[in-house]
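Colleague: The chain contents come next:
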Amino acid sequence: MKARNRTIQLVILAVIALIGLFTIVSNLSAGPAKYPQVGDKAPDFALAGLDGATHKLSELKGKTVILNFWGTYCEPCKREMPALQRQYDKWKAQGVEYVGSNIGENAITVRGFLDQYKLTLPVWLDQDQAVRKQYGVSEYPTTFFIAPDGRIAKKQVGEMNDAFIESALAELVKK
Amino acid sequence: MITNTKCECGHQNPVGTVLCESCGKPIEDDGSAATLEMRYDGVARRSQKQNPTWLDRIWNFFSSVKIAVWLIIITLLGAALGTIYPQETTFLNLDPAVYYKQTYGTLGDIYYRLGLSRTYSSWWFIALLFMIGTSLVICSLDRVLPLYRALSKQQLRKHHSFLLRQRVAFDGVVPEQQDEASWLGGMAQTLRKRGYRIHVGEDGGAMLAEKHRFSRWGPYINHIGLIIFLLGVLMRSIPGWSMDQYVGFVEGQPTRIPNTDYWLLNEKFSVDFYKQDEMTPEFGARDRIVPKLYATDAVLYRCTADCAGPQPKLSEVHRQRIEVNKPLDYKGLKAYQFDYRETPMILSLKPSLKNRQTGEVYGSFELSMTKPADTYRVGPYTLKVKGFYPDFGLDDKGLPMTKSNDPKAPAFIFQVTGPGLPAGGAPYLYFARQIDKAQFHEQEINGALGQQFDISVGSMQDVKIASYTSYLNIRVDTAMPYIWTGAAISMIGLIMGFYWQHRRIWLRIDGRRLAIGAHTNKNWYGLRADLAGALGKNGIAVAPKSLETRGNRA
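Chains as they are written, first to last, in my numbering: chain W, 2 to 176; chain A, 21 to 574.
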């Protein structure tokens with residue numbers, strides 16, 4: 002009888018302690034949504050590419066990734082595209098991948114734009130803008146440079162030029 | 021310290037017992053005549069042990085009502101601190117590190133640095149709330165089990181000092197013309213009629229009449245309800261169990277509900293306004309447009325495959341008209357009508373391809389402004405969509421571009437192939453809106469092809485327009501049934517405790533001497549009336565008031 006009482010007491014206290022732990026942990030992590038910052042692991046996502054297949058960011062693990070949020074209606078995005086194309090062609094052989102996450106546009110609109118400007122950059126379509134929200138992007142273009150280990154090495158809000166992209170990639174590929 | 025807890029009746033009581041578990045005699049009988057403390061029937065609480073282990077000490081801490089009261093006071097003070105300045109959560113977009121100092125000076129800065137700007141989500145506040153919850157559970161368990169045991173095996177023959185030190189007591193003799201056993205039988209009969217349950221001792225000289233014992237469990241049932249309620253509130257932090265967001269749905273366009281596998285289509289939005297003659301003259305004079313009723317005919321889809329892709333496979337699961345206060349409800353997913361806005365835009369067109377010279381119509385095709393197909397076949401011609409500009413414009417180099425992603429001024433580039441055209445086809449720039457056709461000179465820029473063909477809609481019947489965007493409040497609260505259950509149980513417990521009382525009357529006959537003690541937790545008036553009435557029917561006339569002892573009977 003005594004031993005059973007003790008067990009029941011122990012079980013009740015253990016359940017209470019567990020619930021307590023859960024409460025405190027879930028409340029502390031519930032705070033305002035945290036967007037990925039430099040040094041964080043780049044959150045994985047899956048999007049359909051212009052080629053029709055579904056792509057995952059995690060499939061590019063081990064490579065340096067330029068994750069570029071853009072739209073054809075965004076003037077500075079359009080301006081930096083040729084530089085991105087040149088740098089992508091130059092660094093591709095050394096394990097650099099480009100992911101152009103298009104913000105909510107139509108496949109035809111995007112394809113038409115790429116044809117018009119003679120670009121061959123691989124573009125993924127963020128139809129619901131879910132990835133844009135996941136990464137907390139509110140200004141276009143925004144570019145994340147992701148190191149081969151999957152961590153965000155650099156975040157750039159605004160237009161980039163050849164020199165900027167070159168130096169960012171040189172630092173990552175060297176490592 | 022070892023205290024002797026053995027009663028003179030021979031019963032060995034646990035440490036902490038106030039009144040002997042068996043005969044009811046006070047353990048520390050100081051010979052006084054004061055009314056006895058009847059709380060928990062005088063039994064020891066579960067936590068009162070002689071050699072507490074560390075486990076018992078934690079248990080004892082939470083089982084103390086005094087500590088529970090302190091926890092509540094500290095929590096109240098903490099909650100009050102959080103109201104001095106606005107909490108961070110009241111602001112959407114500002115840097116709290118700067119804001120508090122700027123607005124409230126040094127005190128504000130200290131407030132922020134102490135973390136008081138996030139009081140209600142701070143670890144110490146949540147820990148306090150949690151400790152109150154724990155105290156609720158343990159306090160209840162600590163008292164309900166011994167009380168249950170005490171009430172389920174009550175000794176009938178109580179000690180004289182127990183009986184006569186009750187607040188309601190009677191000390192007298194059995195009426196002369198009756199023998200003890202038949203008088204006791206008559207008393208039992210009377211009390212039974214009044215709804216009492218009668219327990220008579222084997223020797224016949226003692227009786228217990230008891231009524232509405234269940235009301236004693238009221239407070240504990242109330243606590244169980246509160247605990248379920250608290251657990252329900254806690255469950256809301258399980259991912260997916262609670263959602264509250266506002267989403268805009270353009271007419272005719274299935275839109276994904278963020279973070280779910282559901283798509284919702286606003287088939288048709290309708291709004292009804294108050295007419296001038298329906299308003300009071302004063303109100304009508306203000307010349308305001310007041311909606312009378314607005315509703316969304318909604319269709320809910322669930323995605324079955326390719327949810328992340330551009331062509332998710334959707335299957336209809338539910339269809340409902342949403343009105344204010346009549347939300348869509350599907351498996352716990354609720355959509356409340358919240359707001360609307362007039363957002364006229366073209367959804368799709370059904371233009372025809374015509375020969376400009378002969379007027380011959382080759383056919384028509386359904387052209388979506390949000391999801392155009394890759395190619396259209398019209399009569400002998402094939403139109404391949406090479407470009408789509410939802411909001412057509414020209415950039416500074418004079419090249420076509422789209423100014424935004426909304427179909428405000430849609431334009432398409434078709435590569436047209438067919439009889440009489442070059443092998444690779446010829447491009448045709450098509451504007452959906454008549455006004456853009458004129459402004460950008462559709463016929464002229466398309467050159468020879470523009471002279472040969474005309475793509476246009478015949479009438480407004482071939483144009484599908486979304487006039488409204490309906491804003492819905494999407495909510496999920498899976499924990500709600502638990503919260504309601506907890507609240508209902510708590511209410512049942514409260515009613516049990518409020519509207520019924522546990523009344524007990526102990527009766528003991530020694531020779532001709534009759535001793536009666538009676539106890540209830542409230543409504544002493546009713547108890548006195550019960551006892552005086554029963555005594556009166558059995559030949560002992562007493563005024564109910566005279567039974568009130570105030571501790572002077574013994």
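Possibly wrong hints are sitting among the right ones.
[Claimed, not checked] Derived pair list, reagent style SDA-like, types lysine to any residue, alpha-carbon separation capped at 20 Å:
#1 404(A) with 446(A)
#2 423(A) with 57(W)
#3 406(A) with 50(W)
#4 423(A) with 169(W)
#5 391(A) with 169(W)
#6 374(A) with 349(A)
#7 79(W) with 397(A)
#8 391(A) with 93(W)
#9 484(A) with 345(A)
#10 79(W) with 413(A)
#11 134(W) with 406(A)
#12 93(W) with 141(W)
#13 417(A) with 50(W)
#14 391(A) with 417(A)
#15 404(A) with 116(W)
#16 406(A) with 116(W)
#17 119(W) with 391(A)
#18 406(A) with 51(W)
#19 134(W) with 119(W)
#20 119(W) with 327(A)
#21 134(W) with 260(A)
#22 42(W) with 57(W)
#23 119(W) with 61(A)
#24 406(A) with 120(W)
#25 79(W) with 393(A)
#26 542(A) with 260(A)
#27 391(A) with 50(W)
#28 333(A) with 54(W)
#29 62(W) with 162(W)
#30 57(W) with 557(A)
#31 79(W) with 435(A)
#32 79(W) with 327(A)
#33 79(W) with 280(A)
#34 423(A) with 116(W)
Keep in mind the hints are simulated off the structure, nothing from the lab. Computed from a predicted structure; not experimentally measured.
Colleague: Each hint should be assessed against the structure and marked as holding or not.
Modeller: Going through the hints against the structure:
1. 404(A) with 446(A): 10 Å, holds
2. 423(A) with 57(W): Violated, because 30 Å separates the two Cα atoms, which is more than 20 Å.
3. 406(A) with 50(W): 18 Å, holds
4. 423(A) with 169(W): Violated, because 30 Å separates the two Cα atoms, which is more than 20 Å.
5. 391(A) with 169(W): It is violated: about 37 Å lies between the C-alpha atoms, which goes past 20 Å.
6. 374(A) with 349(A): Violated, at about 48 Å.
7. 79(W) with 397(A): 33 Å, violated
8. 391(A) with 93(W): Since the Cα atoms of residue 391(A) and residue 93(W) sit roughly 33 Å apart, the hinted pair is violated (cutoff 20 Å).
9. 484(A) with 345(A): 29 Å, violated
10. 79(W) with 413(A): 14 Å, holds
11. 134(W) with 406(A): Violated, at roughly 30 Å.
12. 93(W) with 141(W): With Cα atoms ~24 Å apart, residue 93(W) and residue 141(W) exceed 20 Å; violated.
13. 417(A) with 50(W): 29 Å, violated
14. 391(A) with 417(A): 28 Å, violated
15. 404(A) with 116(W): 14 Å, holds
16. 406(A) with 116(W): Holds. Residue 406(A) to residue 116(W) sits at ~9 Å (cutoff 20 Å).
17. 119(W) with 391(A): Roughly 23 Å between the alpha carbons, so the hint for residue 119(W) and residue 391(A) is violated.
18. 406(A) with 51(W): 14 Å, holds
19. 134(W) with 119(W): Violated - the C-alpha atoms of residue 119(W) and residue 134(W) are around 29 Å apart, more than 20 Å.
20. 119(W) with 327(A): Outside the cut-off at roughly 30 Å; violated.
21. 134(W) with 260(A): Distance ~18 Å between residue 134(W) and residue 260(A) Cα, so the pair holds.
22. 42(W) with 57(W): 15 Å, holds
23. 119(W) with 61(A): 91 Å, violated
24. 406(A) with 120(W): 15 Å, holds
25. 79(W) with 393(A): Answer violated: residue 79(W) to residue 393(A) is near 25 Å, above 20 Å.
26. 542(A) with 260(A): Roughly 47 Å between the alpha carbons, so the hint for residue 542(A) and residue 260(A) is violated.
27. 391(A) with 50(W): 16 Å, holds
28. 333(A) with 54(W): 15 Å, holds
29. 62(W) with 162(W): Violated. Residue 62(W) to residue 162(W) sits at ~26 Å, over the 20 Å cutoff.
30. 57(W) with 557(A): 90 Å, violated
31. 79(W) with 435(A): 24 Å, violated
32. 79(W) with 327(A): Violated. Residue 79(W) to residue 327(A) sits at ~29 Å, over the 20 Å cutoff.
33. 79(W) with 280(A): 33 Å, violated
34. 423(A) with 116(W): 18 Å, holds
Of the hints listed earlier, those the structure fails to meet are numbers 2, 4, 5, 6, 7, 8, 9, 11, 12, 13, 14, 17, 19, 20, 23, 25, 26, 29, 30, 31, 32, 33, in rising order.
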